[in-house]
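Each protein sequence line maps, in turn, to chains A and B.
With our numbering applied, the first sequence covers 1 to 178.
With our numbering applied, the second sequence covers 1 to 647.
A portion of the hints provided could be inaccurate.
A short list of chain B residues far from chain A (calculated; beta carbon distances all over 10 Å) [what the hints assert, rightly or not]:
1. I171
2. L288
3. A312
4. I373
5. D376
6. D512
7. E518
8. R550
9. Q575
In silico DSS-like cross-links for lysine-lysine, where the CA-CA straight-line distance does not exceed 25 Å [what the hints assert, rightly or not]:
10. B:K379 - A:K150
11. B:K379 - A:K36
12. B:K414 - B:K341
Source of the hints: derived by calculation from the structure; they are not laboratory data.
We put the CB at the ideal spot given by N, CA and C, even for glycine.
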Amino acid sequence: MKRFILPFVFLAGLVTLLAAGLGLNPREVPSPLIGKPVPEFTLPTLADPEFRVSDRDLKGQPYLFNVWASWCPTCYQEHPLLMQLAERGVNIVGLNIEDERADAIAVLEKGGDPYRVVLVDYDGRSRIDWGVIATPETFLVDANGVIQYKHTGAITWQDWAEVIAPKYQQLLTGAPRG
Amino acid sequence: MFIEVGHFAVVLAFALSIVASTIPLWGAHKADARLMALAVPAVRGQFVLIAVGFAALVAAFIDNDFSVLYVAENSNTALPFAYRIAAVWGAHEGSLLLWVLILAGWALAVSIFSQSLPVVMKTRVLALLSWVTLGFLSFLLFTSNPFERLIPAALEGRDLNPLLQDPALVIHPPMLYMGYVGFSVAWAFAVAALLGGTLDSTWARWSRPWTTVAWLFLTIGISLGSWWAYYELGWGGWWFWDPVENASFMPWLMGTALIHSLAVTEKRATFKNWTVLLAIFTFSLSLLGTFLVRSGVLVSVHAFATDPERGAWILAMMTIFVSVGLFLYAWRAPYITSVGKFNWLSRESLLLVNNVLLVVAAITVLTGTLYPIALDWLKVGKISVGPPYFNATFVPLMLPLMLAMGFGVASRWKRDSRQLLNRLAVASAVAAALGLLFNLVVVENNSVLIAVSVFLAFWVLVTAAREPIQRIRSKGSVAAGIKSLPLHLHGMVVAHIGLAITALGIAVTSADSAMADEVIKRGNSATVGGYEFQFMNIEEVAGPNYDATRASIKVNQGREHVAWLYPEKRIYRVQTSPMTEAGIDAGFTRDVYISLGEPVGNDSWSFRMQVKPLVRWIWLGTIFMAIGGLLAVCDPRYRRQAKRKAA
């Protein structure tokens, strides 16, 4: 009789595994950068290519580091949310990658500019340092320049309210004043 | 308005499938002819209603009715007509409707072509298929409704995924679904037989043609998918061990085991339990494939938009259908006796070897596919399992399988002896000679694995061809010899030759393909695998719904001009996603393949150039396999037997 039960045991194991698999997100790849300082960079800004900003200049308060491009449809989808966050005073730094300067500026003129500053990385070096696989990606960086969280893909309101906002609030209250 | 008619028709089909799945089954239990008589009209009614629903959706696509959400998401006014129809199954909801339509079509076919089946058996099979229809219709209506309206209507649609705008992709999903869904018939026959407790060789004979038809469609479907990936993804690979590919390959492996096991059960009335179990497992793997593709548990290049709720539905359905099968199996199997006895060396034992190897291969693929989920679940880490694992585990299983194939074809039922080796002496000498010749003349970068594969492929080829050749010799003429071989044996011969061709294609392509990525300045050329690729020109061209950059490449071999190739990079206007269109000069002995990369300035572009010897043979072999299946099904034996039964 036992050998007729065996297929059942196999099925039960398989179903358990698959059911567990449903609760997991295969796209959520943890970044090895979490808990580490941001990669060092000195990059020109989108507004003024002559003016350069380095990672040290951004220290002092927590910020969202949003990687985007004008050719990325998902970034458009995310854009209105970033605009509203900016209106609420969230500190967002943009990294514009693999793009044309004119196209990127056109996007911000049309849809509004949620960024405190937009850095440009058109030779792709900084993008590799940050381990960006797909746009948009957003890193949450604390006041000391340490990466606390990474989100891949467009941020939805649910992501913001449930995951990112609490972390951001926590960093804000813990941030050094002034 | 018509879309509502379609929606309503599908809701009616849902109601009808509740009736069809219960009342006739009860009738079969009580031997009530009037209740059983409901099954046939109910199944036919389901088909008509689902077809109306499908037609309504097709009409909405043809009319560019963007007030239908699904149409707005997957079509566009600029989309060419043929792709507007193909877009019906371009995403989850519509493809599920196609799936249900095909399922209803299979049930309809069973109701038409099974006139000779005992009424109780036929009723049970149709009722069980209605359970599957009911399951998938409720999945469709409650979680994935393609008939939903979008109010206010969109002005323009979001267009079909550019990857799917391709002739092979128009027919790939229907073929694949024909195969997947077809195995539900094998499952229904097995479960019906378990319900009746009549697990005899007649059951196997009834089930065989249906299983073979499902198998041949799945073969074509997988082959088309591989061919598409080869020329559309621009990498020149023909198989990636991607989870979605594995999802269709696992039921194919199990189904191949099933058609061989069914042969034993029909001919020798043995392996009965095993065959039933294989029928249940094959359909389980079809459902598992559906789950993997549509639930989002795995990341894949071509998975559908994902939704855990949908995954839970399919998982629940899979659990129910498989449990019912296994429960009945556990209940009935202890009382089923397999009468046929066989020796350790016999066709039965060799087919057992075939079955074990194929099942182990399917489990190997399953393990590799599910391993990342298990690790993720156990919080060990995120990994993906790629070709190195599959090549290392799968290939070593296929080689002994091919060895066993040759013996299996020539062996005798029940008991064989050393005579088998004597019978195959000439065949093995011929296979060895041909293999040696091929290894020396055709294969350039040989290795032990490649050489062995080539020998085994010729072994399969020669032993398969031996069958008709012997008939021809004993009858004295080609026509008489061919005629004397039953059609189902012709099918076996052709299918086995097909496998040998595919194996040769795989071996030579893996060994001898040449590839190089190079930057070429306009006017200059690069040489790969003996072919010179001269970059003549690059220009912008506009397609119906895309803009393309097209390079003109002149291919020469030595001084001889071979072909003009036009690789493209396309940007589809609506979804703004870049696509590569490879330039391919296809040939029986080799493909010359070039895909366009990126501009690197100074009038130079990067290109990927490949020369792939015998790559066509991979798909050519699958055509043979499918034709073999078709020949086997057409054998009048199945109908003749049926008639005798009826009389």
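We went through each hint and held it up to the structure:
The non-interface label for I171 (chain B) is consistent with chain A: the shortest C-beta to C-beta separation is roughly 29 Å, beyond 10 Å. Look at L288 (chain B): its CB is around 8 Å from the nearest CB on chain A, not clear of 10 Å, so calling it non-interface is violated. Non-interface status of A312 (chain B) relative to chain A is broken: a Cβ of that chain comes within 10 Å, the nearest being about 6 Å off. Its beta-carbon lying about 4 Å from the closest one in chain A, I373 (chain B) breaks the requirement of being farther than 10 Å from that chain.
Taking the minimum C-beta to C-beta distance to chain A, about 5 Å, the non-interface status of D376 (chain B) is violated against the 10 Å cut. Every beta carbon of chain A lies more than 10 Å from that of D512 (chain B), the smallest distance being close to 34 Å; the non-interface claim holds. Annotated as non-interface, E518 (chain B) keeps its C-beta farther than 10 Å from every C-beta of chain A; the closest such distance is 20 Å. The Cβ of R550 (chain B) sits about 20 Å from the closest Cβ of chain A, beyond the 10 Å cut-off, so the non-interface label holds.
Distance to chain A contradicts Q575 (chain B) as a non-interface residue, since its nearest Cβ pair spans about 7 Å, not more than 10 Å. At roughly 18 Å between alpha-carbon atoms, K379 (chain B) and K150 (chain A) fall within 25 Å of each other, so this suggested pair holds. For the suggested pair K379 (chain B) and K36 (chain A), the alpha carbons sit about 21 Å apart, so the restraint of at most 25 Å is met. As the CA atoms of K414 (chain B) and K341 (chain B) are separated by approximately 7 Å, the hinted pair is consistent with the 25 Å bound.
Against the hints set out earlier in the document, violations occur for numbers 2, 3, 4, 5 and 9.
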